[in-house]
Structures are given as C-alpha cells and as structure tokens.
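Asks: Sequence:
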Amino acid sequence: MSDRSKYSLNGVYRCENFAQYVENNDFPEFPIGSAIGLDGWYIKFIISIEEDGTWVYPFIFHDRHPNIQVRLYFNVLKKDGSSSYKFGYEHLYGSVCF
216 MSDRSKYSLN
226 GVYRCENFAQ
236 YVENNDFPEF
246 PIGSAIGLDG
256 WYIKFIISIE
266 EDGTWVYPFI
276 FHDRHPNIQV
286 RLYFNVLKKD
296 GSSSYKFGYE
306 HLYGSVCF
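Residue numbers (the working numbering): 216 to 313.
Hints were generated in silico from the structure; no laboratory data involved. Cβ atoms here follow ideal geometry from the backbone N, Cα and C, with glycine treated the same way.
Here are the simulated distance ranges between beta carbons:
1. K293 x L253: 30 to 36 Å
2. G252 x N232: 32 to 38 Å
3. N232 x D254: 25 to 31 Å
Calculated cross-link-like contacts (lysine to any residue; reagent style SDA-like; alpha-carbon spacing at most 25 Å):
4. K294 x F233
5. K259 x E238
6. K294 x N232
7. K259 x D278
8. K293 x D267
9. K293 x I247
10. K293 x T269
11. K293 x E231
12. K294 x Y228
13. K293 x V237
14. K259 x S299
15. K293 x Y228
16. K259 x P243
17. K294 x F245
Build the full structure now, drawing on both the sequences and the hints.
Replies: Shown next as structure tokens:
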C-alpha cells in the first residue's frame, strides 16, 4: 500500500484477543465509514473450515446492500509493522450475505 491515495478507505483495524475470538467464533463488527457513496460499511472476520484447515478471513459488508461488488485490498501487519504478505491480499467481494 505504498500509494495510499488510490484506496478510498485506509486505516488499521486492530483485533485484540484474536485467539479468543477465533476460539469462540465471535468476532466484533467494526464500522469503517463510507465508500462508493454509501455510509454504513463494516469489517469483521469470518471463519471458514476447509479440507486443509480452518481459515480466518477479513470481510467487509454493508447491511442494506448485500449485492454490491467491491474490490478490497487487505494486508496483515506483524508486530514490527512489516507486512505478513509478499504482495498483500486482494479479492472481489459481491453478492454475499451472512
């Protein structure tokens, strides 16, 4: 994210007690503001159990507009502030509700 100006939302989401949230599968929703002209976006983590293990994914959603597609870029930072990923994590979300 060296060029932060190309992203409409920037910020750091800190999830304290992450291991406890994973164990209980009870992540909080965190409001992140407005994007694409709509207020009311949230981020939270969701757990997916796959054949190769249990995965935790960041998930951005809007309660009233579940069919909007948005391109997202996530990067997980280590305690020293460096990136956990070589290239970051980008995905196109759309038509999703939970």
